[in-house]
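Counted from 1, the sequence shown has number 49 at position 49 by UniProt numbering; the numbering is strictly sequential.
No lab work stands behind these hints, which were simulated from the structure alone. Treat each hint with caution, since some may be false.
[What the hints assert, rightly or not] The list that follows gives simulated cross-link-like pairs (lysine-lysine, DSBU-like), each with its CA atoms no further than 35 Å apart:
hint: 1; residue 1: K201; residue 2: K28
hint: 2; residue 1: K149; residue 2: K60
hint: 3; residue 1: K93; residue 2: K123
hint: 4; residue 1: K60; residue 2: K204
hint: 5; residue 1: K96; residue 2: K141
hint: 6; residue 1: K123; residue 2: K60
hint: 7; residue 1: K68; residue 2: K149
hint: 8; residue 1: K60; residue 2: K16
hint: 9; residue 1: K16; residue 2: K93
hint: 10; residue 1: K96; residue 2: K60
hint: 11; residue 1: K163; residue 2: K17
hint: 12; residue 1: K201; residue 2: K163
hint: 13; residue 1: K16; residue 2: K69
hint: 14; residue 1: K69; residue 2: K28
hint: 15; residue 1: K204; residue 2: K16
hint: 16; residue 1: K204; residue 2: K93
hint: 17; residue 1: K178; residue 2: K149
[Stated by the list, open to error] Per label pair, the in silico range of CB-to-CB distance:
hint: 18; residue 1: K123; residue 2: D82; range: 38 to 44 Å
hint: 19; residue 1: N181; residue 2: K16; range: 35 to 41 Å
hint: 20; residue 1: G29; residue 2: N138; range: 25 to 31 Å
hint: 21; residue 1: A167; residue 2: S27; range: 38 to 44 Å
hint: 22; residue 1: T14; residue 2: P124; range: 23 to 29 Å
For each residue, glycine too, the CB sits at the ideal point set by N, CA and C.
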Amino acid sequence: MAPTFPPGGTFFDTLKKSFTDVPIDESKGEAISTTPFLEAAESLTTLFDVLGSAAFTPVKSDMGGNIKKIRDRQMAEPLESDNLQDLVRNELKTKKHTATEGLLWLTRGLDFTAQSLRQNLSKPDEELSASFRSAYGNTLKPHHSFIVKPIFSAAMSATPYRKDFYAKLGDDQTRVEKELNDWLQGLERNVKILNNFLASKEAKW
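Let the sequences and hints guide you as you build the complete structure.
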């Protein structure tokens with residue numbers, strides 16, 4: 001069920017938390033606050049409802065499962081999980097990596113979403129299916145098995161027409177594009193920090 005918004009509003013008004021509002025502590029090596037990040041990631045998954053095809057259900061459920069892995073670890077060890085980087089470091093000390101692996105896959109999914117929408121926003125003549133397929137090849141596809149790839153390929157082909165998708169995001173297209181851009185900048189910043197951290201030695205298991 002796609003979220004509804006008031007007349008004159010946009011899809012971004014429906015988000016419980018935006019990535020632009022996730023606190024990042026520069027003094028602690030760009031530490032990303034865990035709870036707001038997970039709320040922003042959950043809010044992002046409602047975008048797949050706007051895309052409107054059942055083919056996106058596995059994509060949404062995959063991200064939801066990874067969010068749960070991180071939250072389970074946070075709830076089990078709240079004092080060690082205030083930010084995502086500490087959550088990972090502390091989990092890896094226990095020789096477990098469930099939440100760390102969840103964060104790795106969630107970040108790949110967020111990167112896929114960010115690259116898809118950024119490419120589409122910057123290429124006004126390109127259909128969503130082309131943008132999503134290109135981003136999939138850059139992010140998730142190299143890590144997916146031959147069983148999973150067809151499921152995601154089906155989702156890429158099931159994206160709505162560009163004009164229909166943007167219309168679902170709001171009536172005022174100038175406002176939609178501005179708010180999408182702002183939201184993407186927040187998402188891209190989170191993804192960049194996490195990609196760098198997850199590629200570092202301290203996040204390996």
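Against the structure, the hints come out as follows:
1. A threshold of 35 Å between alpha carbons decides the hint, and for K201 with K28 the separation of about 17 Å falls inside it, so the pair holds.
2. For the hint pairing K149 with K60, the CA-to-CA distance comes to about 15 Å; that is within 35 Å, so the pair holds.
3. The straight-line distance between the Cα atoms of K93 and K123 is roughly 45 Å, outside the 35 Å bound, and the hint therefore fails.
4. A C-alpha spacing of about 26 Å is found between K60 and K204, which places the hinted pair at or below 35 Å, so the restraint holds.
5. Straight-line distance between C-alpha atoms of K96 and K141 comes to about 26 Å, which keeps the hinted pair within the 35 Å bound.
6. With a CA separation close to 25 Å, the supplied pair K123 and K60 stays within the 35 Å bound.
7. At roughly 23 Å between alpha-carbon atoms, K68 and K149 fall within 35 Å of each other, so this suggested pair holds.
8. Distance restraint check for K60 and K16: the Cα-Cα separation of roughly 17 Å lies within the 35 Å cut-off, and the hinted pair is therefore satisfied.
9. Between the alpha carbons of K16 and K93 the distance comes to roughly 33 Å, so the proposed pair stays at or under 35 Å and holds.
10. Distance hint between K96 and K60 is fulfilled; the C-alpha atoms sit about 25 Å from each other, no more than 35 Å.
11. Proposed proximity of K163 and K17 is supported: the alpha carbons are some 26 Å apart, at most 35 Å.
12. Between the alpha carbons of K201 and K163 the distance comes to roughly 44 Å, so the proposed pair goes past 35 Å and is violated.
13. Distance hint between K16 and K69 is fulfilled; the C-alpha atoms sit about 20 Å from each other, no more than 35 Å.
14. With a CA separation close to 24 Å, the supplied pair K69 and K28 stays within the 35 Å bound.
15. Simply put, K204 and K16 have alpha-carbon atoms about 32 Å apart, close enough for the 35 Å limit, and the pair holds.
16. For the hint pairing K204 with K93, the CA-to-CA distance comes to about 11 Å; that is within 35 Å, so the pair holds.
17. Restraint check for K178 and K149: satisfied, since their Cα atoms lie roughly 33 Å apart, inside the 35 Å limit.
18. At about 39 Å, the CB distance of K123 to D82 agrees with the hint of 38 to 44 Å.
19. One distance hint, 35 to 41 Å for the beta-carbon pair N181 and K16, is violated here, with the actual separation near 20 Å.
20. Distance hint check for G29 and N138: the Cβ-Cβ separation is about 26 Å, which falls inside the suggested range of 25 to 31 Å.
21. The given range of 38 to 44 Å is respected by A167 and S27, whose C-beta atoms sit roughly 43 Å from each other.
22. The hinted window of 23 to 29 Å between T14 and P124 holds, with their beta carbons roughly 24 Å apart.
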